[in-house]
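Chains as they are written, first to last, in this note's numbering: chain A, 1 to 272; chain B, 1 to 321.
Keep in mind that a hint or two might mislead.
Claimed, not checked - EDC-like mimics (lysine to aspartate or glutamate), calculated; alpha carbons at most 20 Å apart, straight line:
| # | chain 1 | residue 1 | chain 2 | residue 2 |
| --- | --- | --- | --- | --- |
| 1 | B | K226 | A | E239 |
| 2 | A | K217 | B | D145 |
| 3 | B | K245 | A | E202 |
| 4 | A | K116 | A | D74 |
| 5 | A | K179 | B | D145 |
| 6 | B | K57 | B | D46 |
| 7 | B | K224 | A | D74 |
| 8 | B | K281 | A | D74 |
| 9 | A | K68 | A | E98 |
| 10 | A | K64 | B | D145 |
| 11 | A | K68 | A | D242 |
| 12 | A | K68 | B | E209 |
| 13 | B | K57 | B | E209 |
| 14 | A | K64 | A | E202 |
| 15 | B | K224 | A | E98 |
| 16 | A | K209 | B | D284 |
If you are wondering where the hints come from, they were derived from the structure by calculation, not from laboratory data.
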Amino acid sequence: MEETAGEKSNLAGVRHILLVLSGKGGVGKSTISTELALALRHAGKKVGILDVDLCGPSIPRMLKVQDKDVHQCDSGWVPVFVDQDKSISLMSIGFLLEKPDDAVVWRGPKKNALIKQFISDVAWGGLDFLIVDTPPGTSDEHISTVESLRPYQPLGAVLVTTPQAVSVGDVRRELTFCKKTGLRVIGIIENMSGFVCPHCSECTNIFSKGGGEELAKHAGVPFLGCVPLDPQLTQSLEEGRDFIQEFPKSSAFPALANIAQQILDGTSPQSS
Amino acid sequence: MAEESVAVLPPHDCPGTSSAQAGKAAACQGCPNQRLCASAGAAGPDPALEEIQAKMKGVKHKILVLSGKGGVGKSTFSAQLAHGLAADDTKQVALLDIDICGPSIPKMMGLEGEQVHQSGSGWSPVYVEENLGVMSVGFLLSSPDDAVIWRGPKKNGLIKQFLRDVDWGEVDYLIVDTPPGTSDEHLSIMQYLGATHIDGAVIITTPQEVALQDVRKEINFCHKVKLPVIGVVENMSGFICPKCKNESEIFPPTTGGAEMMCKNLNVSFLGKVPLDPQIGKSCDNGQSFLSEVPESPATSSYKNIIQRIQDYCGLHQSQEK
Chain A
1 MEETAGEKSN
11 LAGVRHILLV
21 LSGKGGVGKS
31 TISTELALAL
41 RHAGKKVGIL
51 DVDLCGPSIP
61 RMLKVQDKDV
71 HQCDSGWVPV
81 FVDQDKSISL
91 MSIGFLLEKP
101 DDAVVWRGPK
111 KNALIKQFIS
121 DVAWGGLDFL
131 IVDTPPGTSD
141 EHISTVESLR
151 PYQPLGAVLV
161 TTPQAVSVGD
171 VRRELTFCKK
181 TGLRVIGIIE
191 NMSGFVCPHC
201 SECTNIFSKG
211 GGEELAKHAG
221 VPFLGCVPLD
231 PQLTQSLEEG
241 RDFIQEFPKS
251 SAFPALANIA
261 QQILDGTSPQ
271 SS
Chain B
1 MAEESVAVLP
11 PHDCPGTSSA
21 QAGKAAACQG
31 CPNQRLCASA
41 GAAGPDPALE
51 EIQAKMKGVK
61 HKILVLSGKG
71 GVGKSTFSAQ
81 LAHGLAADDT
91 KQVALLDIDI
101 CGPSIPKMMG
111 LEGEQVHQSG
121 SGWSPVYVEE
131 NLGVMSVGFL
141 LSSPDDAVIW
151 RGPKKNGLIK
161 QFLRDVDWGE
171 VDYLIVDTPP
181 GTSDEHLSIM
191 QYLGATHIDG
201 AVIITTPQEV
211 ALQDVRKEIN
221 FCHKVKLPVI
231 GVVENMSGFI
241 CPKCKNESEI
251 FPPTTGGAEM
261 MCKNLNVSFL
271 GKVPLDPQIG
281 KSCDNGQSFL
291 SEVPESPATS
301 SYKNIIQRIQ
311 DYCGLHQSQE
321 K
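Just chain A, with the same shape it has in the complex:
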């Protein structure tokens, strides 16, 4: 039974909902979700992140809030605030585990139930953007998330791939998923696209090059850009640092900033 998007709904104050998808694992969905949130925050926006990867919740660590707890309020669960200004908030199953190494060994129906709760019971308040980070695939989590969010008319989905054919092959299927579920594709990001050696500046295409751009062309969807492999970005995520603020000269920064700008341009008053 679909919820009606009533006045009192916890998502009523959210202006734009954006999903980050991929058919493929390990391409950088959580990384992109985190960096996009940071970039949008630095552009003065209030951002929420909903992490629906129940088996492998990566975002808490990436924002250095892995030790926080979730509290309740009258309207439901209070999301965890990442910063003093409360401009980035986060909900993840990572906060609900007794021990960080506890495995969430759930079949589909139980996962679906928690996702529905995450979507209806988190008191986000007023947000400019809610970014929904997903696990790889086209299964329970994705079906439940899209169905539960449908009444709130998400802006669409950003699809992340790495350049090589094996990855693109899975992302093609994710495009089909978007088509079948009526989810608009905002664009495709080609992540881990080339590595510039910090010692000699030689560029090596470790995971090949161009597959994401080609896929966007073939599928007729916008191409949002190539993000190179950047050890400073990976290090930053390991330590839960604000890459956008602290590493503006790093190789991945221009691409990430550009992607955020395209999202902002796409949601500015004249284009929405």
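Take the given structure of chain A and dock chain B to it, following the hints.
Just chain B now, kept in the frame of chain A:
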């Protein structure tokens, strides 16, 4: 009849196969599993379990390739493991891909576009070599754009079919490549193979903590379901620039990498495999990296790890009669 395409939208609100409403709820109408679910409760234990056990009698060693984390190289490793074991042409190797939503194995094994044929003895695996057979949902899809948008119960049904209906024949090594996580596919493979002997799991990770935190969960899953851990492989472990030969840690082991994790969790560390652009290239081209680039440091890493896995299996011979 072998299904040509299995990509259909599943029923919304599947009650779950073990629910009292399984097969009987309004949402079950039209689901291919409906009859099975509706009769399950009345019939008692799933007869497929016995059929699977019988099928698996001809399989000497079973190895699951797992990770909590996506994109660390499970399928890549499974493919190289299969090629490595099949290099001995006296051994019969089977590679089963149970990543239903993201089946990478057909492409990596150069078998894209192949179909599954059926005979009286069941579904025939697709053969790369005479002694290396492969099964994947990828072979059942009619187009590269076909998405398998299935909820858990339907995925479980196909995994059961893969184990019960595929005519693997006499097999020395059955390698099962899995999707990331600890969910339906993982529970099902343990449920269906539970009564047979599984040698153990090879767990793949990359060096950084963001990966390790998911992999610890996977190791806990193995302990929970009493699946022995053969060991952990640290993939994408360093990159040597082909020009200046300096090493960069693209995925930095900020918390000591897999080696430290293995020490802390008391599991075997099988070895490191460095990043080599030729690995991805071989996989994209459906070729064996081990044969294509024998001189790469990654090839010797893979071969050493494969040998350790063989040694482990040799020490723990299957008790199946």
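Quick rundown of the hints versus the structure:
Restraint check: the Cα-Cα separation between K226(B) and E239(A) comes to about 33 Å, which exceeds 20 Å; the hinted pair is violated. Note on K217(A) and D145(B): the hinted pairing holds, with a Cα-Cα distance of about 15 Å set against a maximum of 20 Å. Our distance criterion of 20 Å between C-alpha atoms is met by K245(B) and E202(A), whose separation comes to about 11 Å. A threshold of 20 Å between alpha carbons decides the hint, and for K116(A) with D74(A) the separation of about 18 Å falls inside it, so the pair holds.
Our distance criterion of 20 Å between C-alpha atoms is met by K179(A) and D145(B), whose separation comes to about 11 Å. This hinted pair checks out: K57(B) and D46(B) have alpha carbons roughly 18 Å apart, not beyond 20 Å. Distance restraint check for K224(B) and D74(A): the Cα-Cα separation of roughly 37 Å exceeds the 20 Å cut-off, and the hinted pair is therefore not satisfied. Annotation: proposed proximity of K281(B) to D74(A) is violated, straight-line Cα distance about 54 Å (limit 20 Å).
Proposed proximity of K68(A) and E98(A) is supported: the alpha carbons are some 11 Å apart, at most 20 Å. Proposed proximity of K64(A) and D145(B) is contradicted: the alpha carbons are some 38 Å apart, above 20 Å. As the CA atoms of K68(A) and D242(A) are separated by approximately 18 Å, the hinted pair is consistent with the 20 Å bound. Taken as a hint, the K68(A) and E209(B) pair is honoured in the structure, with Cα atoms around 18 Å apart against an allowance of 20 Å.
The suggested pairing of K57(B) with E209(B) is violated, with an alpha-carbon distance near 40 Å, which exceeds 20 Å. The hinted pair formed by K64(A) and E202(A) fails the criterion: a straight-line CA distance of about 33 Å is larger than 20 Å. Simply put, K224(B) and E98(A) have alpha-carbon atoms about 16 Å apart, close enough for the 20 Å limit, and the pair holds. For the hint linking K209(A) to D284(B), the alpha-carbon distance of about 12 Å falls within 20 Å, and the restraint holds.
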